[in-house]
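Asker: So the protein sequences, as listed, match chains A and B. Numbering-wise, the first sequence is residues 91 to 306 according to the working numbering. Numbering-wise, the second sequence is residues 205 to 694 according to the working numbering.
There's no promise every hint is true.
Okay, derived cross-link-like pairs now, SDA-like style, lysine to any residue, Cα gap no bigger than 25 Å in a straight line [to be verified]: (1) Lys146(A) to Leu557(B); (2) Lys406(B) to Glu293(B); (3) Lys636(B) to Ile651(B); (4) Lys146(A) to Ile320(B); (5) Lys221(A) to Phe486(B); (6) Lys407(B) to Gln422(B); (7) Lys146(A) to Lys390(B); (8) Lys197(A) to Arg568(B); (9) Lys146(A) to Arg568(B); (10) Lys146(A) to Ala479(B); (11) Lys221(A) to Glu475(B); (12) Lys146(A) to Phe486(B); (13) Lys240(A) to Tyr204(A); (14) Lys146(A) to Glu293(B); (15) Lys406(B) to Trp395(B); (16) Lys197(A) to Leu567(B); (17) Lys135(A) to Ala562(B); (18) Lys146(A) to Ile491(B); (19) Lys221(A) to Pro247(A); (20) Lys135(A) to Lys390(B); (21) Lys146(A) to Gln302(A); (22) Lys135(A) to Leu567(B); (23) Lys390(B) to Gln467(B); (24) Lys135(A) to Glu560(B); (25) Lys235(A) to Gln281(A); (26) Lys171(A) to Leu567(B); (27) Lys197(A) to Glu570(B); (28) Lys146(A) to Leu453(B); (29) Lys146(A) to Val275(B).
Which residues of chain B face chain A? A few of them, derived with a C-beta cut under 8 Å, are [said to hold, decoys possible]: (30) Glu475; (31) Ala479; (32) Asn480; (33) Leu556; (34) Asp559; (35) Ala565; (36) Leu567.
If you are wondering where the hints come from, they were derived from the structure by calculation, not from laboratory data. Positions of the beta carbon are idealized from the N, C-alpha and C atoms, including for glycine.
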Amino acid sequence: MKHFLTLALVAVMLGLSACSEPAPRNRGVYMLIDTSGTYTEELAKAQQIINAVLAKLNPGDSFAVARIDTGSFSEKDIVAKVTFDERPSVANQQKRAFLESIDRFIKEVRPATYTDITGGILQASEYLNEKNPGSKVILVFSDLKEELKKGYVRDFPLLLDRIEIIALNVTKLRSDNVDPREYLNRLEAWQQRVVQDGGDWRVINDLDRLNQIIRG
Amino acid sequence: MSLAESLTMFPSPFLTAIFWFLLVSVVLYFTRAPAHRAMATLFQVLSEAMQLAAASIHGAENRLAARNRDVLLASGREAAERGIEREFERVEVNVRREIAQCTAIDRMMTEALTRIEEDHKRSMDVPPAPPGWAGVVQAIAEVPGKSDPIVSGILEQIHTSLLKMQKEAINAYRSAVQARHEHLRKMAPEWRNLTQLTTQMKKNVTTMIERSQTIDRQMDEYENVIRRTEQAERTLTASSLSQFFVSGLVLAIAIGGAFINFQLIARPMAEAVGANSFIGNFRIAEIAALVIILLETAMGLFLMESFRITRLFPMIGALPDKTRQRMIYATLSILFFFACVESGLAYMREILLEDELATSAVLRGEAQAAATTSYMWITTTAQMVMGFVLPFALVFVAIPLESFVQSSRTVIGMVAGALLRTIAAVFLLLGKAFDYGGRLLVDVYDIAIFGPLWLETVVKPAGSGKPVRSSSPRIRKKPGDTPAVNEAVS
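Please work from the sequences and hints to get the whole structure.
Answerer: Structural data, given as structure tokens:
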């Protein structure tokens, strides 16, 4: 009898564990767009990437686009954000509305003086952790040359657990052409920092591979 | 010190090898009898175990075969009973119809015969005879004095009157004959009618004879099944196999239809239950679509059961007619509801598709897609019609499903029987292998000690006969073995 009760209890526990809340399968994507200096000229490509990401996202996914400027750790820098409705028809409407917001931003954007990439990544990780999707991706559309205003503190560990950071269209600066090691060191430094803080790092410079940005 | 070094007895390895060989041979020679017994016993045990297992499996196979036979004959009897029952129902319907017709035909034949008789009687009426004035005329004609103008005038008048009378008589005769002919002419269609009626009767009787022949044939089959003849078993087995494959093929086609149905409704289902909800690895939208299709199939089964076309649920077939009728209406209503839902979902699917195409076009930077061309309504209509028709088409899955379930019992039994036979054969083979393996090992043992054995034959006096052989038991049938083992060994 005792064994029977134990078996029954185990069976109930197994049943309850099977009925527990499943892991989320939705995706969260946060895209940072560098608006400093001459990089604003690359914004057409950013729009192309946003379109590709929108085409890949499904109902239930979250997507936000923010700009990188002097102080990027701010909600004000978020250009557009959306969590797509569970219904595909509504999600399609949301995609179109999102696209219009981006169009407006591209037309009205002004170059920023400084480039606070770390602040942007912090803001992105905060947004994604709050949404808590199944997979978290931060897209950084920048040359990865960080220029902080005097007094801004950014040299501390980032919380990037289970977050994948993809650097897109990392253009070479004039100084990189003089000494390519600068470019390589810049990339390596970012990779080291991201991996140390618990994230994954990828670089995609070939925009023909846009379909690889969001997997699945 | 290594093992090789410890075994080295002489400087020469050859001498060492000879020494050890001789030593081992002597030891093996003296332990020959117990070694032979041990080997023989071990292999005998293994062999008998295999034979026992084979016999046991063979017994299980026999029981399974008997069970399969029972199932096959029972299903065959049921099918034959059903066939005969239906044939009798048809005969009953035919008989009722024919008997009703027989009365009418009989009445029609009687009427036709009466009319023919009447017409015949009428045709027998004798036409009116010419007036009997011939004698008077002759008497007047013989009056003398014909040259007398008065007599001549009278005769002339009489002649004229006679001619007139004759003409009238001929006319009367002709009309009488015409009337008789008319009666005879009227008889012809009546004859034809009678011929048709007899043909009809003959046809009905032939149909009944054919039906009775069919019943006779089915009764023969039924009797064969009842008598459990081998012919009946063979026929039923062949029939089950063909039914299994045919119904399997039809079910595969039905699954294809269900898959198309699933594709039609799974996508728009996301609008109702959400596109990002999962149970395990499956989207809830897909599960919902699948559940709808399964419900439709279940309703189809109930409908077919209520019509008594299939007999998967005997309880439904045994329900009173009124209850079954209510079930038919209920299942038909639910199916109609599902058909409407599917049709709506198919329409929704098309709208969603167009919406997605438009959004993709916008994302690609193209102008609004011109996909909504004038002929798009054709695909929309086709999808809606398919969505409406497929639930009703799935109803008929019940028929091959019943056939498949019934024939699969026989087929699975046959496959299991064949499997058991194969396993039993393998065990028997292993038993034999162990038997001969034991004997082989005993002989190999003797080969290894050929030296001492040869010496034994040399040293022993010639009269003592053969060298001393071990009393090793041989594996063979013994009275102590179980009947199963003996049977298996034989």
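Asker: Of the numbered hints stated previously, which ones are contradicted by the structure, given in increasing order?
Answerer: Numbers 4, 7, 14, 20, 23, 28, 29 and 35 - these are the hints that the structure violates, sorted from lowest upward.
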